[in-house]
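Protein sequence lines, in the order shown, are assigned to chains A and B. Under the numbering used here, the letters of the first sequence match residues 25 to 382, in that order. Under the numbering used here, the letters of the second sequence match residues 202 to 704, in that order.
Honestly, the hints are just simulated from the structure, not real lab data. Among these hints, one or two may not hold up.
What the hints assert, rightly or not - Distance ranges between label pairs, derived from CB positions: (1) A:ALA256 with B:ARG254: 28 to 36 Å; (2) A:GLY343 with B:VAL216: 33 to 41 Å; (3) A:ILE56 with B:ASN263: 34 to 42 Å; (4) B:THR545 with A:ARG372: 21 to 29 Å; (5) B:LEU307 with A:LEU60: 50 to 58 Å; (6) A:GLN30 with B:ALA277: 25 to 33 Å.
Glycine included, every Cβ here is placed at the ideal spot set by N, Cα and C.
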Amino acid sequence: MLRLEQRPEPSKAMSIASPLLALAITVVIGTILFVLLGKDPLRGLAVFFVEPVRSVYALTELAMKATPLLLIALGLAVCFRSNVWNIGAEGQFIVGAIVASGIAMLAAKDTGGWFWVPVLLGGVLGGMAWAAIVALLRDRFNANEILVSLMLVYVAEQLLNYLVYGPWKDPQGYNFPQTITFLKSTQVPRLFPGFRVNVGVIIALLSVGVFWILLFRTYAGFQLQVGGLAPAAARYAGFSSRKALWTALLLSGGMAGLAGGLEVAGPLGQLTPHVPAGYGFAAIIVAFVGRLHPVGIVFSAILMSMFYIGGELAQSRLGLPKSLTGVFQGLLLFTLLACDTLIAYRVRWKPARRGVAA
Amino acid sequence: MRLELVDISKQYPAVKANDRVSLKVAPGQIHAVLGENGAGKSTLMKIIYGAVRPDEGEIRWNGQPVQIASPAAARALGISMVYQHFSLFDTLTAAENVWLGLDKALSLAQVTKRIREVAGTYGLEVDPLRPVHTLSVGEKQRIEIVRALMTNPKLLILDEPTSVLTPQAVQTLFVTLRKLASEGCSILYISHKLDEIRALCHHCTVLRGGKVTGEVDPTKETNASLSRLMIGAEPPQLQHREARAGAVVLEVRSLSLEKEDPFGTTLDAISFDVRAGEVLGIAGVSGNGQQELMRALSGEDVRAPRGSIRLFERDIARDMPRRRRRDGLHFVPEERLGRGAVPTLSLAQNTLLTRTRAVGRGGWLRIGDVAALAEALIRRFFVRAGGPGSAAKSLSGGNLQKFIVGREIDADPKLLIVSQPTWGVDVGAAAQIRGELLALRDNGCAVLVVSEELDELFEICDRLIVIAQGRVSPSVRTAEASIERIGEWMSGLWQKGKADAPA
Numbered sequence: 025m026l027r028l029e030q031r032p033e034p035s036k037a038m039s040i041a042s043p044l045l046a047l048a049i050t051v052v053i054g055t056i057l058f059v060l061l062g063k064d065p066l067r068g069l070a071v072f073f074v075e076p077v078r079s080v081y082a083l084t085e086l087a088m089k090a091t092p093l094l095l096i097a098l099g100l101a102v103c104f105r106s107n108v109w110n111i112g113a114e115g116q117f118i119v120g121a122i123v124a125s126g127i128a129m130l131a132a133k134d135t136g137g138w139f140w141v142p143v144l145l146g147g148v149l150g151g152m153a154w155a156a157i158v159a160l161l162r163d164r165f166n167a168n169e170i171l172v173s174l175m176l177v178y179v180a181e182q183l184l185n186y187l188v189y190g191p192w193k194d195p196q197g198y199n200f201p202q203t204i205t206f207l208k209s210t211q212v213p214r215l216f217p218g219f220r221v222n223v224g225v226i227i228a229l230l231s232v233g234v235f236w237i238l239l240f241r242t243y244a245g246f247q248l249q250v251g252g253l254a255p256a257a258a259r260y261a262g263f264s265s266r267k268a269l270w271t272a273l274l275l276s277g278g279m280a281g282l283a284g285g286l287e288v289a290g291p292l293g294q295l296t297p298h299v300p301a302g303y304g305f306a307a308i309i310v311a312f313v314g315r316l317h318p319v320g321i322v323f324s325a326i327l328m329s330m331f332y333i334g335g336e337l338a339q340s341r342l343g344l345p346k347s348l349t350g351v352f353q354g355l356l357l358f359t360l361l362a363c364d365t366l367i368a369y370r371v372r373w374k375p376a377r378r379g380v381a382a
Numbered sequence: 202m203r204l205e206l207v208d209i210s211k212q213y214p215a216v217k218a219n220d221r222v223s224l225k226v227a228p229g230q231i232h233a234v235l236g237e238n239g240a241g242k243s244t245l246m247k248i249i250y251g252a253v254r255p256d257e258g259e260i261r262w263n264g265q266p267v268q269i270a271s272p273a274a275a276r277a278l279g280i281s282m283v284y285q286h287f288s289l290f291d292t293l294t295a296a297e298n299v300w301l302g303l304d305k306a307l308s309l310a311q312v313t314k315r316i317r318e319v320a321g322t323y324g325l326e327v328d329p330l331r332p333v334h335t336l337s338v339g340e341k342q343r344i345e346i347v348r349a350l351m352t353n354p355k356l357l358i359l360d361e362p363t364s365v366l367t368p369q370a371v372q373t374l375f376v377t378l379r380k381l382a383s384e385g386c387s388i389l390y391i392s393h394k395l396d397e398i399r400a401l402c403h404h405c406t407v408l409r410g411g412k413v414t415g416e417v418d419p420t421k422e423t424n425a426s427l428s429r430l431m432i433g434a435e436p437p438q439l440q441h442r443e444a445r446a447g448a449v450v451l452e453v454r455s456l457s458l459e460k461e462d463p464f465g466t467t468l469d470a471i472s473f474d475v476r477a478g479e480v481l482g483i484a485g486v487s488g489n490g491q492q493e494l495m496r497a498l499s500g501e502d503v504r505a506p507r508g509s510i511r512l513f514e515r516d517i518a519r520d521m522p523r524r525r526r527r528d529g530l531h532f533v534p535e536e537r538l539g540r541g542a543v544p545t546l547s548l549a550q551n552t553l554l555t556r557t558r559a560v561g562r563g564g565w566l567r568i569g570d571v572a573a574l575a576e577a578l579i580r581r582f583f584v585r586a587g588g589p590g591s592a593a594k595s596l597s598g599g600n601l602q603k604f605i606v607g608r609e610i611d612a613d614p615k616l617l618i619v620s621q622p623t624w625g626v627d628v629g630a631a632a633q634i635r636g637e638l639l640a641l642r643d644n645g646c647a648v649l650v651v652s653e654e655l656d657e658l659f660e661i662c663d664r665l666i667v668i669a670q671g672r673v674s675p676s677v678r679t680a681e682a683s684i685e686r687i688g689e690w691m692s693g694l695w696q697k698g699k700a701d702a703p704a
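Pulled out of the complex, with its shape left as it was, chain A reads as follows (with noise of 0.2 Å):
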């Protein structure tokens, strides 16, 4: 029979193995989804793994989506590395959407082009704010930060609808809820001509290095780690758990804060209803498959803009419902999680066992 036997140590190959091996099972239990569904299976996998990657035109697409989840998810990866469970990235995601789209509605007509810098500086610091919230009253009265940060998502998703159903909505607008089309300076400049990729993927590639050189090459970055793996250790090396939790929050809600000002300011141009996509909470799928290490992070954002872009191709080319992105995110994370069970245990066919003799 089959038996899970403990390895002496954790394997590191399987450590790097586990998500590779989680998405071939995804890939093997989407391909039975086709089928049970009557599509050709070969036509719905070609539709969420080469579409997305087959042209030019199609990769910078790619990049465009990978680019706020590569951002939240550095964010997110270090603050469960410190043990702080910040699920609402997606309301610090909408808040610094609001904030960075107050500022782009400033903007006049001779405004510089250099005016989407302090739009996304706004988008960073309305991210901070609102995960500063969740730090002061974890801080203050020790509020369980997994609860406040999911509920802050819905005031922000409120406060967004308020703002574009109300005092921001664009008067020429035929009262539809929305703000009206920023002015070309706020745009974040695009990187080539005729593709929407803008420069929040160089943004996005650069925090990659820098979160590396934090979290692996910093001693700040040293003691967030150790809080999350060990708080006794780090009370005793002297390590506040304080500094830790306001560092984990303000840092992931900066990141996912500039994810938000980099929508508005770049594919959006406007405020709207829509804005929230899930990327906040996508981002928590993308940071674990990663492994929470910022090059991990790259590939996973990669492979779970696929399963959108794929998803929104599933239902013009195959009319499948969109639903089925998130499907194989679920799947993902699920399989992903099994499979880590394999970086601690083996699996190991053992004959009857002989026994201790009856």
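Based on these hints, arrange chain B on the given structure of chain A.
Okay, now just chain B, sitting in the frame of chain A:
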């Protein structure tokens, strides 16, 4: 024969814990199992108790071959066990923990009552209603002993039970055990303390490296002959030079500290000094304020009243640990994994907890220097480890302790505070650690040692104080102290007038 083991073997992924071990226990016999940490004693006992399945071999109970599939099955046979590592749920009370292990014929209230009875009979002080997470290590072990005695066992397995008892309480426990034995209960007594085994046990099986290396009558052996069987050599003797105590390094004056935890110990007007070039020992049964005192001295708890703790005459009572470390105060806590070291991080990374030489400007880590320090510690203190990249949790207790103690000694401390320096450490490593502490003292460092092993304190300390119920006794020179006197003080019995004078 009550219990017979024939050729028991157990292979773990990395090590053969038991290799064809055989053992016989007669009814009413107190049978010692002697061996160093890692010799395979605990695995063997877990096999008997049904917590681990052997790969090969046979177990006979009252002459009948049996398969003990689980601890519940073992208890049904009449086997009870007190683990060295506690198996208690932190969030439940002591009584609830005991109740969990019993069949549910009794109500919780009845169990609570029984615990009080059993505890009273055997002189084991426990409060059944306290949540386990608030208990000290010693108190948890008392719960475990009471739990094992609840079921009137036919075979009682005790794994290192005396480490948390006063010498008097050890004698009381021995009376209890002898009484149990005379009533026909067999006892398996696991220990590495040779004196205890010679005083208590009828028969002794010695294990080394998973194999039986001897079966002897301990009453006819000497410590030296038992030690040879156990470690293959006689324990190394410490070079002990007369201390030349210098200036006062640490001055504790009227340190009173309200307990942080409702079940902790409140520190009550603690005063003592530690001088350069001496080792001061703090004796006492665990749970009498040692943890609280250590936290106040290390800076993990900074609520101490201003002026109550001075290092080189500077008030440090409110300083954070890093500030104290900068002034030369280093501390080795009793928990190695999770406090003294982060289990999943490498040895190299673990040096960064207390050593910041490899931290450059702007908090940049010089990875090469970090690894070099770990490498140097491994070599200087003979730590058996794969290298600087090995995870802390992959080391044995003794080797990790050598690494942690080494990390603090290597920092050139002016005051080193060590809690339980050799807890769960094998004989060779323990001797090495004690030797290092003495060498440090000879170089003029002030050393403060908290230990529950009186033998150890008598071996390395120049002066002793005793902590009981959050208060400390006056100090006494080790040369003038006796085990009996210290044992009495451990119950809080020292003359009241003297206690107010600084130690």
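Outcome of the hint check:
1. A:ALA256 with B:ARG254: 28 to 36 Å: holds (34 Å)
2. A:GLY343 with B:VAL216: 33 to 41 Å: violated (60 Å)
3. A:ILE56 with B:ASN263: 34 to 42 Å: Once the Cβ atoms are compared, 56 Å apart, the range 34 to 42 Å for ASN263 (chain B) and ILE56 (chain A) is violated.
4. B:THR545 with A:ARG372: 21 to 29 Å: holds (24 Å)
5. B:LEU307 with A:LEU60: 50 to 58 Å: holds (54 Å)
6. A:GLN30 with B:ALA277: 25 to 33 Å: Holds: the Cβ-Cβ distance is about 27 Å, inside 25 to 33 Å.
The structure fails hints 2, 3 (numbered hints given earlier, in ascending order).
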